[in-house]
Amino acid sequence: MTTAIRTDALTKRYGRRTALDACTLDIPAGRVVGLVGPNGAGKSTLLQLLAGLLEPTSGTATVLGGRPSSGPEQLARVGFVAQDTPTYSGLTIRDHLRLGAHLNARWDAGLAEARVARLGLDPDQKAGRLSGGQRAQLALTLAMGKRPELLLLDEPVASLDPLARREFLGGLMEFVAEQGATVVLSSHLVTDLERVCDHLVLLAASHVQVSGEVDELLATHQRVTGRRRPHDEAPAGTSVVRSGHTDRQSTFVVRSSVPVLDPEWAVEPLDLEELVLAYMTQDVVDAHDLTVEVSR
Amino acid sequence: MIEFHLDARSGVSPYLQLVQQVRHALRLGILAVGDQLPTVKDVVATLAINPNTVSKAYRELEYEGLVEARQGVGTFVVRTFGESTLAAQGPLRDELAAWLDRAREAGLDEEGIEALFRDTVRAAVGRTS
Chain R
1 MTTAIRTDAL
11 TKRYGRRTAL
21 DACTLDIPAG
31 RVVGLVGPNG
41 AGKSTLLQLL
51 AGLLEPTSGT
61 ATVLGGRPSS
71 GPEQLARVGF
81 VAQDTPTYSG
91 LTIRDHLRLG
101 AHLNARWDAG
111 LAEARVARLG
121 LDPDQKAGRL
131 SGGQRAQLAL
141 TLAMGKRPEL
151 LLLDEPVASL
161 DPLARREFLG
171 GLMEFVAEQG
181 ATVVLSSHLV
191 TDLERVCDHL
201 VLLAASHVQV
211 SGEVDELLAT
221 HQRVTGRRRP
231 HDEAPAGTSV
241 VRSGHTDRQS
251 TFVVRSSVPV
261 LDPEWAVEPL
271 DLEELVLAYM
281 TQDVVDAHDL
291 TVEVSR
Chain U
1 MIEFHLDARS
11 GVSPYLQLVQ
21 QVRHALRLGI
31 LAVGDQLPTV
41 KDVVATLAIN
51 PNTVSKAYRE
61 LEYEGLVEAR
71 QGVGTFVVRT
81 FGESTLAAQG
91 PLRDELAAWL
101 DRAREAGLDE
111 EGIEALFRDT
121 VRAAVGRTS
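Residue numbers (UniProt numbering), protein chains in the order written: chain R, 1 to 296; chain U, 1 to 129.
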């Protein structure tokens, strides 16, 4: 299996502030990666480092086998749609496509024009007069027109209504089905992405909290509930992500490669949103005693 | 041709929902041998889901011998459920119905029955593995 993105201790600092800290990832080609985390977690920084728009402070990133900012050949293989899907408001859709053809060596005019037609957009319409959803679709069309092997999208659906969101992601998935491209798209809401992504990277507080194939993450994480135990007495063979206790009951979110079969525990599967929340509120050991005090 | 839909709140994984919808259509006779399933491209464009989800569902149906992928053409139904499968479940269904009556007589409600059933299945998995 070929690797699309590999980062090793990738770090970006702005003065004393660390935007991304020791990020290590290994993402196979052909995946649709959901890059999830709260605002300010470092998602945009990571995407811009992968696109070659930023230079790392330390660590390395390898994208499609090359260094992100190594030059035009690398740039031609990577599509990037910045936050709020910017377009030139004074230019028409036709102008945008002409610009795309002019600036990209591998421009696929047929693909871009067919997409504009299918979206029902008027090529003579100025971008400034498009709705948010239409503008997002235009920005996506420009990124697709260069036939990238990797498509990076920063919060592409955050400002779209549910219908525009569905249409945008539907078009993106159609492109993936046809071209087999690797896609990374970020969102602060995992629910926006859970239907489309097959790989998850969770960033919080500048760190990667968890990363992996969605199916595997869902299969190996459970919520187990039972009578009150000490906080380190989760079911045997599991590792605790998060624990909560009342005076009578203990609840653990655990990671385990084998099913928990002990009838002492009630076991429930997690959905992706609950899994993300569990990692975002991971255990700090000291907090345990506090919880007990409060519950009494 | 059928059209898929997804229930995000069902707790059933999207790929399994697609598999179940095809099986359901076969049981009801909505799909027959020779019918084509929607292409992966069409399904992902309408539902906005990952192409692998659809491929995985179609592979599962292929593995079950219900459909067949024809290179460059699409995926087609090659077998539908015989009467025999449902008929074979008849005696099991009768036993289960009798057991459910006894469980209700013993004072268990729906929730208690479901919990007991789940726990027992889990314990049985534990014994055999």
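Misleading hints may appear alongside valid ones.
The calculated lysine to aspartate or glutamate pairs, modelled on DMTMM-like cross-linking and capped at a C-alpha distance of 20 Å, are [claimed, not checked]:
#: 1; chain 1: U; residue 1: Lys-41; chain 2: R; residue 2: Glu-178
#: 2; chain 1: U; residue 1: Lys-56; chain 2: U; residue 2: Asp-94
#: 3; chain 1: U; residue 1: Lys-56; chain 2: U; residue 2: Asp-42
#: 4; chain 1: U; residue 1: Lys-56; chain 2: R; residue 2: Glu-178
#: 5; chain 1: U; residue 1: Lys-56; chain 2: R; residue 2: Glu-213
#: 6; chain 1: U; residue 1: Lys-41; chain 2: R; residue 2: Glu-167
#: 7; chain 1: U; residue 1: Lys-56; chain 2: R; residue 2: Asp-215
#: 8; chain 1: U; residue 1: Lys-56; chain 2: R; residue 2: Glu-216
#: 9; chain 1: R; residue 1: Lys-126; chain 2: R; residue 2: Asp-84
#: 10; chain 1: U; residue 1: Lys-41; chain 2: R; residue 2: Glu-113
#: 11; chain 1: U; residue 1: Lys-41; chain 2: R; residue 2: Glu-149
Please keep in mind that the hints were generated in silico from the structure rather than gathered at the bench.
To see whether the hints hold, each was checked on the structure:
1. U/Lys-41 / R/Glu-178: With Cα atoms ~7 Å apart, U/Lys-41 and R/Glu-178 stay inside 20 Å; holds.
2. U/Lys-56 / U/Asp-94: violated (34 Å)
3. U/Lys-56 / U/Asp-42: holds (15 Å)
4. U/Lys-56 / R/Glu-178: holds (16 Å)
5. U/Lys-56 / R/Glu-213: holds (14 Å)
6. U/Lys-41 / R/Glu-167: Holds: U/Lys-41 and R/Glu-167 sit about 14 Å apart, inside 20 Å.
7. U/Lys-56 / R/Asp-215: holds (12 Å)
8. U/Lys-56 / R/Glu-216: holds (14 Å)
9. R/Lys-126 / R/Asp-84: Distance ~17 Å between R/Lys-126 and R/Asp-84 Cα, so the pair holds.
10. U/Lys-41 / R/Glu-113: Holds - the C-alpha atoms of R/Glu-113 and U/Lys-41 are around 19 Å apart, at most 20 Å.
11. U/Lys-41 / R/Glu-149: holds (18 Å)
Comparing the model with each numbered hint stated earlier shows that hint 2 is the single one that does not hold.
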